[in-house]
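These protein sequence lines are chains W and C, in that order.
Residue numbering for the first sequence follows this note's numbering, beginning at 1 and increasing consecutively.
Residue numbering for the second sequence follows this note's numbering, beginning at 86 and increasing consecutively.
No lab work stands behind these hints, which were simulated from the structure alone.
Predicted, not measured: the structure shown is a model, and the values here were computed from it.
Watch out, some of these pointers could steer you wrong.
[Unchecked claim] To spell it out: a stretch of chain W is covered by chain C in this simulated footprint if at least three of its residues, at any positions, have a beta carbon under 8 Å from a beta carbon of chain C; those stretches are: (1) 11–23; (2) 34–45; (3) 51–62; (4) 69–81.
[Said to hold, decoys possible] One-sided excerpt, in silico: chain W residues whose CB lies under 7 Å from chain C: (5) Ser29; (6) Ala48; (7) Leu66; (8) Glu85.
[Said to hold, decoys possible] Estimated spans, in silico, between C-beta atoms of each pair: (9) W:Gly19 x C:Gly706: 21 to 31 Å; (10) W:Val65 x C:Glu417: 42 to 52 Å; (11) W:Gly19 x C:Glu431: 46 to 56 Å; (12) W:Asn8 x C:Thr593: 43 to 53 Å; (13) C:Gly405 x W:Ala39: 27 to 37 Å; (14) W:Leu40 x C:Leu424: 33 to 43 Å; (15) W:Ala39 x C:Ile676: 25 to 35 Å; (16) W:Leu36 x C:Gln404: 51 to 61 Å; (17) C:Leu333 x W:Gly42: 17 to 27 Å; (18) W:Val23 x C:Ile210: 34 to 44 Å.
In this text, a Cβ means the ideal position worked out from N, Cα and C, and glycines have one as well.
Now for the letters of each chain:
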Amino acid sequence: MADKSSANAYWAANLRTIGISLVVWFLCSFGLGIILRPALRGIHVGGADLGFWFAQNGSIYVFIVLIFVYAWRMNRLDLEHGVEE
Amino acid sequence: MDQFTLNLIVVGITFALYIGIAIWARAGTTAEFYAAGQGVHPVLNGMATGADWMSAASFISMAGIIALAPAGGYEQSAYLMGWTGGYVLLALLLAPYLRKFGKFTVPEFIGDRFYSGGARLLAVICLIVISVTYVIGQMRGVGVTFSRFLEVSTDTGLYIGAAIVFAYAVLGGMKGITYTQVAQYVVLIIAYTIPAIFISLQLTGAFLPQLGLIGTHTASGVEFLTKLDQVVTELGFRAYTSDSPNMLNMFLFTMSLMIGTAGLPHVIIRFFTVPKVSDARTSAGWALVFIALLYTVAPAVGAMARLNLTTTMWPAAEQGNALDGPAITLAEIDSNPELSWIRTWEKTGLLGMSDLNGDGQIQYFAEPPAVTAANKALAAATAALAAAGPDADRAALLAEVAAATAARDAALAEATIGGVSLAERGWVGNEVTRLDNDMMVLANPEIAALPGWVIALVAAGAVAAALSTAAGLLLAISSAISHDLIKGSINPNISEKGELLAARIAMTFAILVATYLGLNPPGFAAQVVALAFGLAAATIFPALMMGIFSKRINKEGAIAGMLVGLIFTGVYIFLYKGWFFIPGTNMLADIPANYLFGISPLSIGSVGAVLNFAAAFLVSGMTREPPHEVQELVESIRVPRGAGSATGH
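Bound conformation, chain W alone:
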């Protein structure tokens, strides 16, 4: 492991990445799919509305992209902070 301050910086950057990712995770499922559905009913997606589509399909696509983006970003962070395997 690198020195203490570098490890702390790495962890802080990691937590920031996790935080942003979790906001996206929450927004696409609980947000668009459940809580905001009534508000977005005007936006039509093939016989239903945007919230319905996010609940049944859209959120899943976002989840996949989210994991790969997170993995890519973390691999870069590992290198930047010299903690890669």
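For this one, chain W is given, so just place chain C on it according to the hints.
Relative to chain W, chain C alone:
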């Protein structure tokens, strides 16, 4: 060749394939078994995780629940989001750190991080409760599958299925499991998507069912979902896309499934053994890609099955309104070979049709609750009259029947479908008297009149889904008992042989319990499984997450948290579902009116998780902080560098 023989042949071929692979990829040592993920390409590992993960609940139960949910299919999106969104939490919050920790089981991490044999023991208990509940759901799925394709009752199907699971997991399940699961994934995904593509093409002309769902219904020229909503609401059902009647409950249910996913021991275990920390992150992504192939198709399968079922019962609904034409006739059901599935499914007991008004047709509609109650009262009065002895007061009983008949007639005159009262239509009740969610996916290709080999393929896929998960769970249970409980606490000096024997005895016992409870399951396969997720959400996930993200949570806090989560969630579930799921021991009726704030037992895991976190922080704040070396351990799992390969104790 008849369907029965075809089913046997296709299921037989897939079994031969699994056995062949198991022999070819046989693991020579126990270490090889434990480290099955190492040296396996992340993509293949993702497929294997997918097969392990997608059980009978995902395969046969979920789309049926979405299709037939009384409150509409939208509310059941909780399953779709919950069982996929959990992988985000796994990838971000648990997998890389647990991989860095480098041991084999979840209780091992909890025992080391919270420097306590007690915490490890408690984790073992949580793990067993979660896994056994999960296996009950699988057994229910196994029973349904075998009953259909062997054309026997659900109970007989369950016994046969249990015997196969026993042979599969206890005798040979530990060898070559990853490659077998890859094959099982391929079988189950083909079996799931091929009929979906066929049906999507038939109904909407779209090749991809995901696009068919939001496409246009070819026969009527209306958008597919609009058409579905229109047909089901015409018959008195709630629209497929209608809002959830209880948004709070839907929110909590989704959350419970998500964090439960991230707390399921047999899923987490797969990320312990990937070669590198960075692989743990991408492995979760690949697993989700393969899971999403099924999950994004599932709502289309459910919605399209619902439309096909309805247009089968009401042929006029195909082009226009259901009630423009007559309902399907009994003569047609008995003579049309494309409808033979109705009679075969009736044999399983999962489908029931009865010509209540004797008009030679089967009217399928949403029976208003008042009519149901009046029909029940009438049936009770008639039964009382029939059972009356010679010296009973027949006049009073006859008067009761007359009163009940009058009340029923009044209810029929009051209730309307399509603006016309049931009395005027000459209907006395919904004549599809039983329609089980768990038959929808298996019956789907038959309802759509697809070729016989597709139907056989679906049977094989369902068997693959149920077997791969049941085996994975039984392995998790047996390793918890033999490795964590017996070797870890009771008798550390146990021999390899003794450990293996204990594992097998534990597995056998687990199958027996699950079979017994599977005979009278506390819900549909997916619902039983959802209960297991609630328990995982309230116990394992918070303990793991706090163990990684907080250095301050100590032994006392973690134990208090897990206890509070387990007891609160378990008791809430048992109150409605029966103590330890034994039928008839529930203290409150399992209906929304009885729920605390409308939160169903399926959703309560989220609340349990919050209580777990709260208890852990509170108790840790009042007790001493963890020793220095434990804080160092937390520091070290937070950085990838220095991760060796996983080791046992």
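Structure-based check of each hint:
1. Under a criterion of three residues with beta carbons nearer than 8 Å to beta carbons of chain C, the stated coverage of the region 11–23 of chain W is upheld, 5 such residues being counted.
2. Check on the region 34–45 of chain W: 5 of its residues sit with their Cβ under 8 Å from a Cβ of chain C, so the three-residue criterion for coverage holds.
3. Look at the region 51–62 of chain W against chain C: 8 of its residues bring a Cβ nearer than 8 Å to a Cβ of that chain, three or more, so the hint holds.
4. With 5 residues having a beta carbon nearer than 8 Å to a beta carbon of chain C, the region 69–81 of chain W meets the requirement of three or more and the stated coverage holds.
5. With a cut of 7 Å, the hint placing Ser29 (chain W) at the interface with chain C holds, because the nearest CB-to-CB distance is about 5 Å.
6. Of the supplied interface hints, the one on Ala48 (chain W) holds, with its beta-carbon coming within about 5 Å of a beta-carbon of chain C, less than 7 Å.
7. Annotation: Leu66 (chain W) was flagged as interfacial toward chain C, and the flag holds, the nearest CB pair being 6 Å apart, inside 7 Å.
8. Because the smallest distance between the Cβ of Glu85 (chain W) and any Cβ of chain C comes to about 5 Å, under 7 Å, the interface hint for this residue holds.
9. For the hinted restraint 21 to 31 Å between Gly19 (chain W) and Gly706 (chain C), the CB-CB distance of approximately 24 Å keeps it satisfied.
10. Our hint of 42 to 52 Å for Val65 (chain W) and Glu417 (chain C) holds, since their Cβ atoms are close to 49 Å apart.
11. Evaluation of the 46 to 56 Å hint for Gly19 (chain W) and Glu431 (chain C) yields a pass: the beta carbon distance comes to about 55 Å.
12. Between Asn8 (chain W) and Thr593 (chain C) the CB atoms are about 50 Å apart, so this pair conforms to the stated range of 43 to 53 Å.
13. The supplied range of 27 to 37 Å is met by Gly405 (chain C) and Ala39 (chain W), whose beta-carbon atoms lie about 34 Å from each other.
14. Under the hint 33 to 43 Å, the C-beta atoms of Leu40 (chain W) and Leu424 (chain C), about 41 Å apart, fit the expected range.
15. The hinted window of 25 to 35 Å between Ala39 (chain W) and Ile676 (chain C) holds, with their beta carbons roughly 31 Å apart.
16. About 36 Å separates the C-beta atoms of Leu36 (chain W) and Gln404 (chain C), a value inconsistent with the hinted range of 51 to 61 Å.
17. The supplied range of 17 to 27 Å is met by Leu333 (chain C) and Gly42 (chain W), whose beta-carbon atoms lie about 24 Å from each other.
18. For the pair Val23 (chain W) and Ile210 (chain C), the beta carbons lie near 35 Å from each other, so the given range of 34 to 44 Å is met.
Hint compliance for this structure: hint 16 is the single one not met.
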